[in-house]
Amino acid sequence: MSFWLLIPILLPIAAGAALPLVVGDNRDRLQVYVASVVILNTGFAVAAAGLGDTGFRALELTSVINLHIRIDDLARFFLVLSSGLWLLVTFYSFGYIKRDGRDKSFFAFFLMSYGAVMGACLSGNFFTLYLFYELITLLAYPMVVHSGTPEAMKAGVKYLMYSFFGAALALVAFVFVANYGFTTDFTPGGVLDPVALAGNEGFLPFVFLLAFIGFGCKAYIWPLFDWVPASYPLAPHPAAALFSGVVSKIAVLAIVRTTFYVFGVDVVIGSWAQTALIVITLLTVFMGSMLAYKEKLFSKRLAYSSVSQLSYVLFGIILLNPLAFLGAMLHVVFHGIIKTALFLSAGAVTHKTGKSYVYELRGIGKAMPVAMWCFTMASVALVGIPPTGGFVSKWHIATGGIASNHPTLGMVGAAVLLVSALLTAGYLVTIFADAFFPGAGFSYKKLVNAESGKLMTVPLVILASLTLLLGMFPGALIEFINGISAIIGI
Amino acid sequence: MGGVAFHFPLFIIFLPMLASIVMPLLRSSNIARNITLAVQVVMIGLSLGLTVSLWVSPAPYFTYLMGYFPAPFGNEIRAGMLEALLACAFSTVLLFSILGTAQDTDKDISESKRPLFYCMINLLNTSLMALVFTNDIFTAYVFIEVNTLAACAIVAAKENRDTLKATIKYLLLSVMGSGMFLLSTAFLYSITGHLLMEPAREVITALVADGQYQFPLTMTILLFIVSMAVKSALFPFHTWLPDAHGSATTASSAILSGLVIKGYIVMLLKLLYRVYGIETVAELGVFHVLFLLGITGMIAGSVMACFQTKLKRLIAYSSVAQIGYIFVGMGLDTQGGFTAASYHIIAHAFTKSMLFIAAGALISAAGSYTISDMTGTARKNKMAGIAFTVGALSMVGIPLFAGFVSKFYLAGAAVQGHISIWITMPVLAISTFINGLYYFPVLVRIYSKPEYEGDAVPALPVGKLKPSFAANFTLVCLIAANVALGIFFAPLLGALESGFLWLG
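Note that the protein sequences, when read in sequence, are chains A and U.
Just so it is clear: in the first sequence, position 35 is 35 by the numbering used here, and no numbers are missing.
Just so it is clear: in the second sequence, position 200 is 1200 by the numbering used here, and no numbers are missing.
Treat the hints with care, as some may be off.
As the list claims (entries may be wrong) - Calculated lysine-lysine pairs in the DSS-like style (CA-CA distance at most 25 Å, straight line):
| hint | chain 1 | residue 1 | chain 2 | residue 2 |
| --- | --- | --- | --- | --- |
| 1 | U | K1449 | A | K98 |
| 2 | U | K1449 | A | K158 |
| 3 | A | K154 | U | K1107 |
Claimed, not checked - Listing some non-contacts, in silico: residues in chain A with all C-beta distances to chain U over 12 Å:
| hint | residue |
| --- | --- |
| 4 | F3 |
| 5 | I65 |
| 6 | E134 |
| 7 | Y180 |
| 8 | G189 |
| 9 | S443 |
| 10 | A450 |
| 11 | L468 |
Said to hold, decoys possible - Covered by chain A, per the in silico footprint, the following chain U stretches (three or more residues, Cβ under 8 Å):
| hint | segment |
| --- | --- |
| 12 | 1311 to 1325 |
| 13 | 1440 to 1446 |
| 14 | 1486 to 1494 |
Simulated from the structure, these hints should not be mistaken for lab results.
For each residue, glycine too, the CB sits at the ideal point set by N, CA and C.
Put together the whole structure using the sequences plus the hints.
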């Protein structure tokens, strides 16, 4: 049975590679093809999540270098989240991506990246995770530089550089674990062999720090987030949404795997690496919010906002506390949905009106009510106003911080979270406030209805209502995450 | 070890030598090339046969007395698993380097000189194989000289100002290296009274145990190291390499970067392990020198590559960094480090020759050597683009390519030591990153669409644009070899490991 797990990985990769052959120059066939592959694959992914804990190995070159595909609760969590978001973004992309001939390559890589993301979710050992992590970097690259302008190419090179630097740091950790672990398969509680390690313990926190920051590159951790503001504004909005909503979550998955399934809580807790990472993540939270607050370019503001929000998650993880972990994982879900919604509504505006600066958006709410309403809902949720999702997750992170083994830093963290929430309100509320209440001098005469087509609005509405629904009824989700933290023993 | 395979090493050395004697007599360059290729195919067969017979034979290696004269007067060949595998890899790479670059060779070298060019390539091949198999230090010296002169000749074969300048630089530094080798050989002979490797080691071990001749012995090792470092372009003795490899015709660049510099590293390995013995070398602290030189080379080569504007020079500087990797592996003084280093010798031979062949094709597609003129060339010559991409990804260390395996095992060996872990791991991460830093912009550029660049694409003669079947076939084979090395590395590593055990 377990080899069925390969299907959600291989199907989109094969379908993406075959796309130019199958589709030819028929644009309608392109949409049907891509849509059916994505729907089918999301079905397979959900079905895979329904399988019991199972796994298998392929390509067993050595005991360390082999392809280990496995499903467990953590994998289920990220599998369902990523495949769901990918499905919604697919339909939106049909409305967004211009039919100019290059859309074929966009969708080909769109599908292949989907497969790589599924592979990362389902990886059962360090090598498989590293392999798919690199694959995501490479396969998603053409989406980042889709516009093909020299600026986009330059941003694309920056994206590649940062990603590979991060991967190189993670590789160091991989080699370390391969030599000092019982195994490199992800095992709750860690795999390191204290006997083999004797004498080199001093290197351990350093390697952990490298792995955390290395994988953290795609989760926008300081000092590796500079590629985000450079590349997101130049990438198509659906691609930015996928990066912010899904790919960054894969980085979180990689970090959770390294922290709890490779190094183990006992190794990390109380080490200088933990302290350093708490400080770094808090710094990133604050910096991201400040930069977003000052930024005038719409999608760049959202990019900085992601920088800040992802470090909430990383902060929640590195506190090594069940409450904080719960908050972090909830925030993975909420931020995934919210930021996808934000980028997609920003995309709807820019796509239709060509406006890309926040001060150009006055009164846009009257022209594009659906897109801006969804933007408003998602913004409110991101700020963390009850009963939306953002409140639940941030509350748990903050309380977890105070209950953790670093109560002082936890207090500081709670304060930083609060300040950052205010800044979030500052940079998001002003946008929709201006959009709906343009002020007395605004002339409604020039206004025309600019609402996007159904392909773009329906995914948006679904995402916006999810933020509200999940925020009001997070019970099942909380139970599931608590199950995971019971397994990993924090 | 009996049977006909016993004579294979001798055939492997003498076959290309015979071919090189025939070459100048030939009028047609095509016949010369075809003979050279046929010789390569036979050599691959012979070395495969040798590998298989060593695999099945109970003895790990055998010594072959030339003319059956015993030790003090005779000359010996010694073949073990490592030598056989290296011969196999080297002849395969050489075959493809000639086959895949025929168009460039025909363009760069005048018709009348081409048989001589192939003569030099065959001589180079002879000397390479002699360095791999010989068990005699003075024979090694002779073939080092042959190798040097032949290598200079194939750089100069493309007659222009750049190659002449590069050749003179190469010749001067190389001859200096040979001089040091000769000096050291003379010292060693006067200390030990032997030129054959194993008898020399017996004397050296005894001398070291007595505490005699410590200083002169250390000096001979250092002289050997420096002379081999100059010839294998280890930083900071690398200055000739980018000029020579960057300006020569594609075939020469591929052969020089992929093979010739490796021949000297193999020689150095033999000197260290077979002449001095690993314990002596470790006691004299020489491994630390190798390690530090290697670490510096890894970083310096990569950093310098970042500043190159010409594609071939970029790849040449990347070789300087890769040689650093090999020396780090040697300098770790562990079996793991040695295995990783010798695997990297083979992996880099395949990868770098592929990169040079692909670069040659991209250069003729662009009509320019400069990277900024390469926009969109991979769209014109698809196979070269793919090969360059595979090579670059392998260099950066993407899993399932050869380069990843080298890095993984090199780092794995480094992580075992208490000090090396702190130095090697960060350096490896940084150098991996810098590899990306110079390869990715090239990759992005060769796949970019030309219309977005301001400068017009130079018009090219249509005939030159179409890559020959042989060139595409070569690139496909080399890509396959790279992936195969990246996936089925376990048996090769096992064989190399056993080679380490019996190298001494």
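Quick rundown of the hints versus the structure:
1. U:K1449 - A:K98: holds (18 Å)
2. U:K1449 - A:K158: Within the cut-off at roughly 19 Å; holds.
3. A:K154 - U:K1107: violated (35 Å)
4. F3: holds (20 Å)
5. I65: The claim breaks: A:I65 does not keep its Cβ more than 12 Å from every Cβ of chain U (closest is about 7 Å).
6. E134: violated (5 Å)
7. Y180: violated (7 Å)
8. G189: A:G189 is indeed farther than 12 Å from all Cβ atoms of chain U, at 22 Å.
9. S443: Check passes; 39 Å lies beyond 12 Å.
10. A450: holds (30 Å)
11. L468: With a cut-off of 12 Å, A:L468 remains clear of chain U, as the shortest Cβ separation is near 42 Å.
12. 1311 to 1325: With 0 residues close enough to chain A, the hint is violated.
13. 1440 to 1446: holds (count 3)
14. 1486 to 1494: With 4 residues in contact (Cβ-Cβ under 8 Å with chain A), the coverage given for the segment 1486 to 1494 of chain U holds.
Checked against the numbered hints listed earlier, the structure breaks hints 3, 5, 6, 7, 12; every other hint is satisfied.
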